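**Student:** Letter by letter, the chains look like this.
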Amino acid sequence: MIPKELIRAYGDRHNDGMVQMSFVLPIVPSARAREAAKIFAMEHGLADPLVATMEACAEGYTFFVVYGRSKHAVDLAAIEVPEVSTRALSRDEIEAIIKSDIGRKVVVVGACTGADAHTVGIDAILNYKGYGGDKGLESYKGFEAFNMGAQVENDQLAARARAVGADAILVSQVITQRDCHKENGKALVELIKSQGWRDEVLLLFGGPRIDHKLALDLGFDAGFGPGTKPSEVAAFVVERLREKSLVRGGLRSE
Amino acid sequence: MIPKELIRAYGDRHNDGMVQMSFVLPIVPSARAREAAKIFAMEHGLADPLVATMEACAEGYTFFVVYGRSKHAVDLAAIEVPEVSTRALSRDEIEAIIKSDIGRKVVVVGACTGADAHTVGIDAILNYKGYGGDKGLESYKGFEAFNMGAQVENDQLAARARAVGADAILVSQVITQRDCHKENGKALVELIKSQGWRDEVLLLFGGPRIDHKLALDLGFDAGFGPGTKPSEVAAFVVERLREKSLVRGGLRSE
Amino acid sequence: MATVPVDVQKVARCRELANAIAADVQQFIDAHTTVGVERTILRAYGAEGVSDEGVPIVNLVVDRYKEAGLLDRGIAYFLARALVRGARSVKEAAEELAYGAVMDDGTGGPTELEANAAIAPATAVALARIDHARDRRRALKLAHAPGDAPLKYVIVATGNIHDDALQSKAAAFAGADIVAVIRATAQSLLDYVPEGATTEGFGGTFATQENFRIIRAATNEATRSGGRYIHQTNYSSGLCMAEIAWMAAVEGLDMLLNDAMYGILFRDINMCRTFVDQYVSRRLIARAGIVINTGEDNYLTTADAVDKAHTVLSSQFINEAFAFRAGLREEQLGLGHAYEIDPWIEDSFLLELSQAQLVRQIFPNHPIKWMPPTKHKTGDIFFAHVHDAMFNLVGVATNQSIELLGMFSEAVHNPMLMDRYLSLKAARYVHSACKNLGDEITFRSDGRIARRAVQVLDEALEQLEEVARDGIWDAISRGAFADVKRTRNGGKGYNGVVKKHAQYVNPLLDALEAQS
Amino acid sequence: MATVPVDVQKVARCRELANAIAADVQQFIDAHTTVGVERTILRAYGAEGVSDEGVPIVNLVVDRYKEAGLLDRGIAYFLARALVRGARSVKEAAEELAYGAVMDDGTGGPTELEANAAIAPATAVALARIDHARDRRRALKLAHAPGDAPLKYVIVATGNIHDDALQSKAAAFAGADIVAVIRATAQSLLDYVPEGATTEGFGGTFATQENFRIIRAATNEATRSGGRYIHQTNYSSGLCMAEIAWMAAVEGLDMLLNDAMYGILFRDINMCRTFVDQYVSRRLIARAGIVINTGEDNYLTTADAVDKAHTVLSSQFINEAFAFRAGLREEQLGLGHAYEIDPWIEDSFLLELSQAQLVRQIFPNHPIKWMPPTKHKTGDIFFAHVHDAMFNLVGVATNQSIELLGMFSEAVHNPMLMDRYLSLKAARYVHSACKNLGDEITFRSDGRIARRAVQVLDEALEQLEEVARDGIWDAISRGAFADVKRTRNGGKGYNGVVKKHAQYVNPLLDALEAQS
Ligand code: B12
Ligand code: B12
Ligand SMILES: Cc1ncc(COP(=O)(O)O)c(C=O)c1O
Ligand SMILES: Cc1ncc(COP(=O)(O)O)c(C=O)c1O
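Chains as they are written, first to last, in the numbering used here: chain A, 5 to 258; chain B, 5 to 258; chain C, 7 to 522; chain D, 7 to 522.
The shape of chain A in the complex, shown without the other chains:
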């Protein structure tokens, strides 16, 4: 058995467990309300909860800030998190790999799908301008990037990707209300599976609330969260293409 590697919250001393919570309860401020907030905090596992503030924030509702010492600990040894495993590659390295190992332009198609109109994220990855000084895929000689913009339906995206022989499809989802991003993403994967070409294309999922784990769960090949740089995406795509030998057997040669 792997030895436990427990960590606890840190206020100012090792393992003091200090955490802060804030919430609203449907009750008017009173001694009873304060007690309710304390009990509520204790139910979460906070010892010695301190109700730092209790304020009427609406008729019949009270806002609380509570501090307490959490009794919970997380066992790091038990956490398995897939991380997008690519070495960081420089722009030049990426171009070189494409040239030597792939021997043709890598084709990617991106879109922000469904009712989502947030293009800034996908633009940051694809457009020339890029993100935080890191230029987008459009700027690479070795990439041919199609950016379909926002509010794109899955079937349109899939059709376009097939039409241009995409090596990778880049899906952005920013709106996450009631998990619409998950449903939207899953639907695309299923569509492509049902059309029988899932193995021929890399599927990348990205957005401020996306992580690699979630993307894998939904059937994508990788997930990219906030702060992703275009070069990271480029590196992932070329490495995977190389690995999977999609290069020779890929869509293009069909």
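Think of the hints as simulated: they come from the structure by calculation, not from any bench.
On a predicted model such as this, the values are computed, not experimentally measured, just so you know.
Don't take every hint at face value.
Claimed, not checked - Using 25 Å as the maximum straight-line C-alpha spacing, the simulated DMTMM-like pairs for lysine to aspartate or glutamate come out as follows: (1) C:LYS491 x A:GLU148; (2) D:LYS441 x C:ASP348; (3) B:LYS190 x A:ASP52; (4) A:LYS75 x B:GLU59; (5) C:LYS441 x D:ASP452.
On the provided structure of chain A, position chains B, C and D with the ligands as indicated by the hints.
**Tutor:** For chains B, C and D with the ligands alone, coordinates are given in the frame of chain A:
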């Protein structure tokens, strides 16, 4: 059995359970750290935890803000909270009761005890100026108030109270590190008990982290928290004096 | 009073150019109608309700006439003829148009005179409904004065109109002056307006007439209980811009997000469609005395807020020119601008101060709308709260009229009760603590703030020269605003645009146009 | 550059009055010593360690001579004589004084000349130790320049010096320029300095020489790894003011909380005691090149910040006058003032701006210390964070030198790692976003800000006139500062004051005094 009266946290819809937490974990930012934060939140009973931010706040430490839907509910019906039960009395009413029912000046002695040097709270209650427009006990014709200031030892306070024949002792405790306020408060109660005059005096406990329940637990007659007004304290004292008929059998007539 | 140098000649030239830009488009507008406009006319005349399949009757009618190639006469033409032919009410007439076995092809039958006479009372009723709602609003505002500027504006967005009503009252309790119900994510692309009260919606709540009623009642209640007038806001935007303007007008809303170009840029709605729709929506808005909120703030979410600050200003001139053409008065123009500069840029606060003051001075009578930081917000809610405080400070120091409050949870979720409460509390504090700050300070006449203002106006002027030269159609297709490019015939809703017949009939629009 | 009107004549008059006030007290100071002072001298000469019962040897010696009524000669007198009599080191001499079977009653024995000669090398060593620490600090500062003003100052207070060391490094990582370890709640009333590294303490960590060493090493490490000089601060305050000043001087601390009246007002320490102690502590501080932080900010926690703003200013003049008399230079005077006005008062921000600017202008060369809101903080950490942001803004706009950062948890607990991190992040943002704000704005010359500044200076002048007339002893007993009243002979530590003998001996103090 009393029917349950369950309340849950409120984000924007009845019972949605939304709460916010923030904490530091001793780990560097990474996908693994994000997962650790999620698990940590789930251990507290938060469903669908969302790690809103993850930032390096020191070498080896990461700051997190997390939102999630708390599964916990508080049963209001099961909460018994003693509340300081006095009707709100006006200044004139208080003066009138003292005049008619007590017939002499009510003597109170106050101090901020132990190593605590925070006089603002006890001054707010005792000094003429008062608090938030509500004048302090010194300003009442019916009260004789002695304010011993801060850093007063329990035995000095007790001695002074006996010497002046206090009807009530007002203890302020602001510093609460490692519960020193509780120990300090309890020690005074015990001292007075051991000296055999606990029944002859009202003991009031106050401070920003004090509530009535805590004060009762420590053996005081009442506890007063943040925002207490002098008139509330005055009302409590005269009402209790009247009730307890301490008036006739009180210290004074001994 | 802190001011920045503003060259009035340049401002005059900007207005002149913007007017020319709008005049060019107006020719197109006057020659076209859209399915949205015609549905609006039907609604205004009193056509209501949905079919058994849930399709609004106004859609059934308009689509039918569109398919038949008859919409170019104006739906009022057919409505009038149906009334002459014996329909006892607009409702009956509309049903006849929707379901009638034989379709009126517009030839023969009633004379123009008869038709005009038949529709005239309905036109009068429609106008009276707008006027009545406007007067009621005025009366309530007289009885309960609004708060001080900057008016504190918050959004509610639970998806459920009943929860929204509760949230609106909560917001008013916490100090809000204006409450906007933001719309469900997908609504602006729907080519119909949903019907009835709605309780589900992503990212917001559907704009429906019944929802408007429910929420207006709630805010009126808050007005009466709090003694402070609470404004109600919604969105006249997207493919049903004009219909929503009508609904808002008669339900007594105070403000509407309404922009001549937002839909084009941010929702990829066809520009021909949008230009026509915005015009008709604004004619209604003008009559209703509603204040519009334009959407220039959004430009700085896709374009850089430092480099493209001038595009906000030039677009404001254009929005103003379009609005004037639709009969709006300066007092109705809540031109939008925003605090979107990367907070970590040195002196970012000075740049924001400069821009806010510049807009304030150029549009002195306009209830300009000051939008908070959004793009650079992260999930660090504590930092975001401070970022918003700086925004609040600029708002009060430069005397903005309407201030949409920032939310510390901007990067996380639609605001919750707690978020709004804390935001309002912070804004109340900053507004009060700095109440007279603007009067107390002056800006160095050759300093960073002043120079920046001069630069932004110069760049706006330059851009307007270009746009006037090329026409706005081309300018937009080259990405003049928001770094977004759209083509004249691209985008959604283009097939809803119809060239007017020489005998196009629209008595209601005529009446609204006659007004100014 | 935003300035407020300052009448230089009035300022000159204030200084004159403050000087007279200090001169009056100086007579008392020169005629007295205290147990604290004498212990300091012993320490400086190298007396170290504790008895088996844990009592510091310096206390044993001084108490013994005090009880014997001999302290008025100065402990150096006896130390010198013990050296002449054959002690091989100061340590041995001190042990002799502490435990020696027969006590030297000061009569007979070595001549004055012999004694002087015996102690002179030790005096030189003591001075060299101070100078050495000062030079080392200077060298490190040259290699790693400090950050820009306002310097960001945070406190750590875990109670455990090893945790404090960790917290100090974390604070430096997050952007702090200055780290203070605040003291355990009760330490200032202890009439001895605890010994060794300590790991327990309420509300703070004990100030001990070993703790100073540990924490200085940690911040030096942070300086080196971050490339930015990190300042270390502690408290020369309370009954051991002078001893701590010595410890800090030789351990290379950069700053000390040190005030001529704080202990009197806030710790009920006797005024005679405090005046003498502050003088000697400052003589050491002057030599060490340490910056003091005075405590006027505290006044506004017990007195109203609007009504009593002028008491801060008048006290600053007095503190300055005392400091000059002890040889401190302007560059060492971190006079304290604070942002303590009720945030809900209209225009509170303007009042704070005015006061901050006034103090800045009156003390242009002083590294003044700007203290955050504390009193009006509540447990609403979100609001508190915004409140602090406004404070940061004033700090950078008025160019304060040292800014103690507010903590959003002020009303809850001593700051935790997270609290400091967020506070530093917000301050970094406000300081950068508003970097040149102060240069860009001017205040209306007859406006609220200007008028307020004039009023505060006038009131301070008036108060100084009164204090000079009555003497500070009386003024304090009437509650002139902080609304707190103290009597001349009341308070703690009075019996530690000793009238000097005509032949009082203190070569170290003489040397320090000779310097200026
Ligand atoms: C800008 C913005 C807008 C703009 C969008 C303009 C445009 N053309 O994109 C406008 C003003 C139009 C807008 C409108 C709306 N918005 Co909006 N918006 C934002 C805002 C402020 C910033 C988003 C942004 O641009 N971030 C910057 C980019 C660079 O970051 P990013 O998207 O995370 O992308 C990075 C990574 O995630 C990754 N990435 C992203 N996608 C992909 C894809 C792949 C394949 C890869 C590899 C990587 C990758 O790489 C990028 C670079 O590092 C956010 C709040 C916030 N601060 O986050 C709200 C926000 C996203 N919006 C929101 C909402 C609700 C709306 C509306 C629905 C509101 C309404 N009802 O009117 C509308 C409707 C829009 C719609 N139908 O989608 C909510 C979403 C709530 C939720 N989680 O569901 C947010 C969080 C605001 C809020 N608190 O309410 N919005
Ligand atoms: C002012 C202040 C000071 C002043 C005190 C001046 C003075 N003479 O009182 C000074 C600057 C001297 C000071 C020093 C210190 N302080 Co201090 N101080 C505060 C501060 C800013 C405000 C407290 C205050 O005056 N509140 C206003 C009064 C009116 O409120 P109140 O006390 O709650 O009183 C009301 C009620 O509680 C009630 N009440 C109170 N007492 C009683 C008694 C009775 C009988 C009744 C009926 C009612 C009643 O009625 C009052 C009116 O409504 C708080 C932070 C904060 N904002 O709360 C920190 C704070 C209390 N201080 C703190 C600390 C740690 C210290 C120091 C130990 C720091 C140090 N190591 O140097 C020192 C040492 C002082 C000591 N030995 O006690 C901590 C305490 C942490 C804790 N919970 O243990 C706090 C919370 C700050 C912090 N976050 O670190 N402090
Ligand atoms: C003018 C305008 N319309 C509409 C919206 C909202 O977007 P939509 O209604 O398209 O979802 C905005 C957003 O801020 C806007 O500024
Ligand atoms: C000059 C001075 N000394 C000391 C302190 C701290 O208090 P003490 O050391 O008495 O606990 C302060 C508090 O702010 C201060 O300003």
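**Student:** What hints, given by number in increasing order, does this structure fail?
**Tutor:** Nothing - there is no hint that the structure violates, so all of them hold.
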